[in-house]
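Asks: Chains as they are written, first to last, in my numbering: chain A, 122 to 502; chain B, 122 to 502.
Calculated directly from the structure, the hints in this document are not laboratory data. No experiment lies behind these values; they were computed from the predicted model shown. Don't take every hint at face value.
Copies of the same chain are indistinguishable here, so a pair counts whether it falls within one copy or spans any two.
Result set (BS3-like, lysine-lysine): computed pairs, CA atoms no more than 27 Å apart in a straight line [claimed, not checked]: (1) Lys406 x Lys123; (2) Lys454 x Lys239; (3) Lys129 x Lys262; (4) Lys417 x Lys274; (5) Lys302 x Lys277; (6) Lys220 x Lys416; (7) Lys302 x Lys190; (8) Lys277 x Lys454; (9) Lys454 x Lys212; (10) Lys406 x Lys141; (11) Lys190 x Lys416; (12) Lys212 x Lys443; (13) Lys451 x Lys248; (14) Lys140 x Lys239.
Protein chains: 2
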Amino acid sequence: MKPITEEKFESILKFLEEKKIDVLMITDYENSRNVNLQYLSGHPTDATILINSSGESILIPWDVSLAEKHSEVDEIINPANFSFNIFLAMKELFENRWKKSSITVGVHSMTTYGFIVKMKAIIPGIKYFEEPIQIKQVFDKVRATKTEFEIKKLLKAAQIGTRTIRDIQDFCINTPDGTEKDLSFIVRKKIADYGGDDVAFEPLVANSSRAHEIHQYPFASDQRFGLPGLALIDFGVKYQGYNSDITVPISFGKLSDEQNKMRELAIKSYEAAIEIIDIDVPLWKIHDTAEQMLKKGSYSMPYSLGHGLGLTVHDSPSISRKPTDEYSKKHWKEETIQDGMVFAIEPGAYKQGLGGQRLENDFLIRNGKVEIITNSEPLNF
Amino acid sequence: MKPITEEKFESILKFLEEKKIDVLMITDYENSRNVNLQYLSGHPTDATILINSSGESILIPWDVSLAEKHSEVDEIINPANFSFNIFLAMKELFENRWKKSSITVGVHSMTTYGFIVKMKAIIPGIKYFEEPIQIKQVFDKVRATKTEFEIKKLLKAAQIGTRTIRDIQDFCINTPDGTEKDLSFIVRKKIADYGGDDVAFEPLVANSSRAHEIHQYPFASDQRFGLPGLALIDFGVKYQGYNSDITVPISFGKLSDEQNKMRELAIKSYEAAIEIIDIDVPLWKIHDTAEQMLKKGSYSMPYSLGHGLGLTVHDSPSISRKPTDEYSKKHWKEETIQDGMVFAIEPGAYKQGLGGQRLENDFLIRNGKVEIITNSEPLNF
Numbered sequence: 122m123k124p125i126t127e128e129k130f131e132s133i134l135k136f137l138e139e140k141k142i143d144v145l146m147i148t149d150y151e152n153s154r155n156v157n158l159q160y161l162s163g164h165p166t167d168a169t170i171l172i173n174s175s176g177e178s179i180l181i182p183w184d185v186s187l188a189e190k191h192s193e194v195d196e197i198i199n200p201a202n203f204s205f206n207i208f209l210a211m212k213e214l215f216e217n218r219w220k221k222s223s224i225t226v227g228v229h230s231m232t233t234y235g236f237i238v239k240m241k242a243i244i245p246g247i248k249y250f251e252e253p254i255q256i257k258q259v260f261d262k263v264r265a266t267k268t269e270f271e272i273k274k275l276l277k278a279a280q281i282g283t284r285t286i287r288d289i290q291d292f293c294i295n296t297p298d299g300t301e302k303d304l305s306f307i308v309r310k311k312i313a314d315y316g317g318d319d320v321a322f323e324p325l326v327a328n329s330s331r332a333h334e335i336h337q338y339p340f341a342s343d344q345r346f347g348l349p350g351l352a353l354i355d356f357g358v359k360y361q362g363y364n365s366d367i368t369v370p371i372s373f374g375k376l377s378d379e380q381n382k383m384r385e386l387a388i389k390s391y392e393a394a395i396e397i398i399d400i401d402v403p404l405w406k407i408h409d410t411a412e413q414m415l416k417k418g419s420y421s422m423p424y425s426l427g428h429g430l431g432l433t434v435h436d437s438p439s440i441s442r443k444p445t446d447e448y449s450k451k452h453w454k455e456e457t458i459q460d461g462m463v464f465a466i467e468p469g470a471y472k473q474g475l476g477g478q479r480l481e482n483d484f485l486i487r488n489g490k491v492e493i494i495t496n497s498e499p500l501n502f
Numbered sequence: 122m123k124p125i126t127e128e129k130f131e132s133i134l135k136f137l138e139e140k141k142i143d144v145l146m147i148t149d150y151e152n153s154r155n156v157n158l159q160y161l162s163g164h165p166t167d168a169t170i171l172i173n174s175s176g177e178s179i180l181i182p183w184d185v186s187l188a189e190k191h192s193e194v195d196e197i198i199n200p201a202n203f204s205f206n207i208f209l210a211m212k213e214l215f216e217n218r219w220k221k222s223s224i225t226v227g228v229h230s231m232t233t234y235g236f237i238v239k240m241k242a243i244i245p246g247i248k249y250f251e252e253p254i255q256i257k258q259v260f261d262k263v264r265a266t267k268t269e270f271e272i273k274k275l276l277k278a279a280q281i282g283t284r285t286i287r288d289i290q291d292f293c294i295n296t297p298d299g300t301e302k303d304l305s306f307i308v309r310k311k312i313a314d315y316g317g318d319d320v321a322f323e324p325l326v327a328n329s330s331r332a333h334e335i336h337q338y339p340f341a342s343d344q345r346f347g348l349p350g351l352a353l354i355d356f357g358v359k360y361q362g363y364n365s366d367i368t369v370p371i372s373f374g375k376l377s378d379e380q381n382k383m384r385e386l387a388i389k390s391y392e393a394a395i396e397i398i399d400i401d402v403p404l405w406k407i408h409d410t411a412e413q414m415l416k417k418g419s420y421s422m423p424y425s426l427g428h429g430l431g432l433t434v435h436d437s438p439s440i441s442r443k444p445t446d447e448y449s450k451k452h453w454k455e456e457t458i459q460d461g462m463v464f465a466i467e468p469g470a471y472k473q474g475l476g477g478q479r480l481e482n483d484f485l486i487r488n489g490k491v492e493i494i495t496n497s498e499p500l501n502f
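The shape of chain A in the complex, shown without the other chains (with noise of 0.2 Å):
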């Protein structure tokens, strides 16, 4: 089944007639993921989609098989066909059957240049629409409130999130000598054993020596969890596609006063932030909030204090800081909290060798009303 509505899908080719824009593309494959190809058909992967601008859907996938059971298009190409070419298979499209003496392409910004350059190369009598991010845009928008079906199962997946940091805090008491690997197990597995399908990312599981670094790399290591100092888990639960995303903040043992410090400034940049969040309250002024709180004690934030929560586990909207070029500028567009929206918030304060700590949950937005659909809070042991 596809996630996207009736009417937001008319939304869509509103904006194409607007644009002048004669077919929408939307690609996904290995290393250029784009999830609105499921938004938009239901089919989860490695395809092309193509829609005009009268609303008629064309799927060109890689499996065949796959898109017959997952897809809800007007149409399946079959590559086969095409010497597993599927721009030789969208040429015939466009100069057979969708025929017109030049076709305005409006592509998505995520599409890699390399398809786009072999596209043109291959059918000279394409044109791209001149702003790719504005296709962005109208997706971001659309998907930025989410339907009741959506709903349901990123409420899910919050919950099925809730249920493990008990398990995280039953390691942090049970295996003092647990690795970060270790919990990162336990956390993959009692998500499975809770209905989840998968993790939403791979968990990052940092000690005191590595929750300064924001994204661990490696996610999770061979060292144990419990040193002295700030730690954080940072995890989510995929759930029918449908994403959460938790950090819960550990301290281990006495705390300095600078990390004490460090562990307040989190709290208080996250209850400030929440504190404000309300309908139509601009989502810059919330992310602008908790930086300030940040700032006050000499903390920065290098990223945005918060994302949308749906089909990824970044998805629109963004509660970030407001554009710093002109040309982000030019396309920016004020948006505020809007009923149906779902999003985590996570400010943070790190400090190389003092640690890190964050604190992240996620919240929805309905009937007017802001409800915290995660139960993160700073743990101590």
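Model the placement of chain B on the given structure of chain A, informed by the hints.
Replies: Same frame as chain A, now just chain B:
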């Protein structure tokens, strides 16, 4: 440590000179990964690297402390000095330090179109080298033969994979009611126990009702694995960044004539391919040999026969059919088997209702000889 050797780096600089490219750019971000970042710099993820024609390398990482730990570059630029906006950081570099009236930037074909358009809008003085595919090809060529440093890690990844096959066998014998997910977990756990850092990709575990799908979705389900018919498990090991890739074809119970034929075809196709692997043999010929064998039995293979193994699971070289469109033909050069190549071969036969059989092992070309470095063979229970 960066995997690239001085000699290989020089060959890239020579290419830049020949093509009059002033700056080479590789970007690696969420949803558009490019392992050439790590290959060139040692820095694993989330950064842009710029290399000018004199060989000066500049890294703009998302996480500066991670870069300080892992990268070997001439300079790290901290994006915090540019409001975390890498385009502004590049603008400053191009306009104030690498001054030229016009700078030609060679971008890898996997860079996203949105990045290309945005960069040009923010730094109007640049122009792009018009054939991004050639940048990809230079890296593919350089990375197609592995250094001793790389081969050591690849052998270890292969060895851990081979050891895990025994556990798959045990599972089939001792856990006849186990699910695909159960087997997936065991493989993951054993790989960790044997010293692997991670799975190379989510194991594809498919019973006879799903094995025709080739790339299963989901990767592993709650269904029983040991259903009668043709099943398979496709898995790999990541060891210090390097990958192995193995598929074990498994049959349960008595097979129909057609199922026996599929099983034999997959094996014959595999044997025909390895029969001709030798120094200087064109790669397309190996693909064709395997494909012809399948076609004789009225089966086809929608994918390429084989692929290199390295920092990615689908590394160069690609062992695949000759190109089928004019653009690809223009850019194609015949590649042949060479010392230092490490690759997987994976022919298979698939039919809905009957299942699928794919046999996949990994190969190393060393001192002019072909070594099979994994040990998968068809299993029957």
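Asks: A separate judgement is required for each hint: does it hold in the structure or not?
Replies: Hint check:
1. Lys406 x Lys123: neither (33 Å within a copy, 41 Å between copies)
2. Lys454 x Lys239: between (33 Å within a copy, 17 Å between copies)
3. Lys129 x Lys262: within (10 Å within a copy, 45 Å between copies)
4. Lys417 x Lys274: Answer is neither: 38 Å inside a copy and 47 Å across each miss the 27 Å cutoff.
5. Lys302 x Lys277: both (26 Å within a copy, 20 Å between copies)
6. Lys220 x Lys416: neither (58 Å within a copy, 35 Å between copies)
7. Lys302 x Lys190: Result: close only across copies, 21 Å inter versus 37 Å intra.
8. Lys277 x Lys454: Answer is neither; intra-copy 32 Å and inter-copy 51 Å both fail.
9. Lys454 x Lys212: between (36 Å within a copy, 24 Å between copies)
10. Lys406 x Lys141: neither (34 Å within a copy, 46 Å between copies)
11. Lys190 x Lys416: between (52 Å within a copy, 26 Å between copies)
12. Lys212 x Lys443: between (41 Å within a copy, 19 Å between copies)
13. Lys451 x Lys248: both (23 Å within a copy, 22 Å between copies)
14. Lys140 x Lys239: Cα proximity of Lys140 and Lys239: in one copy and across copies (24 Å, 19 Å).
The structure is inconsistent with the numbered hints 1, 4, 6, 8 and 10, although it conforms to all the rest.
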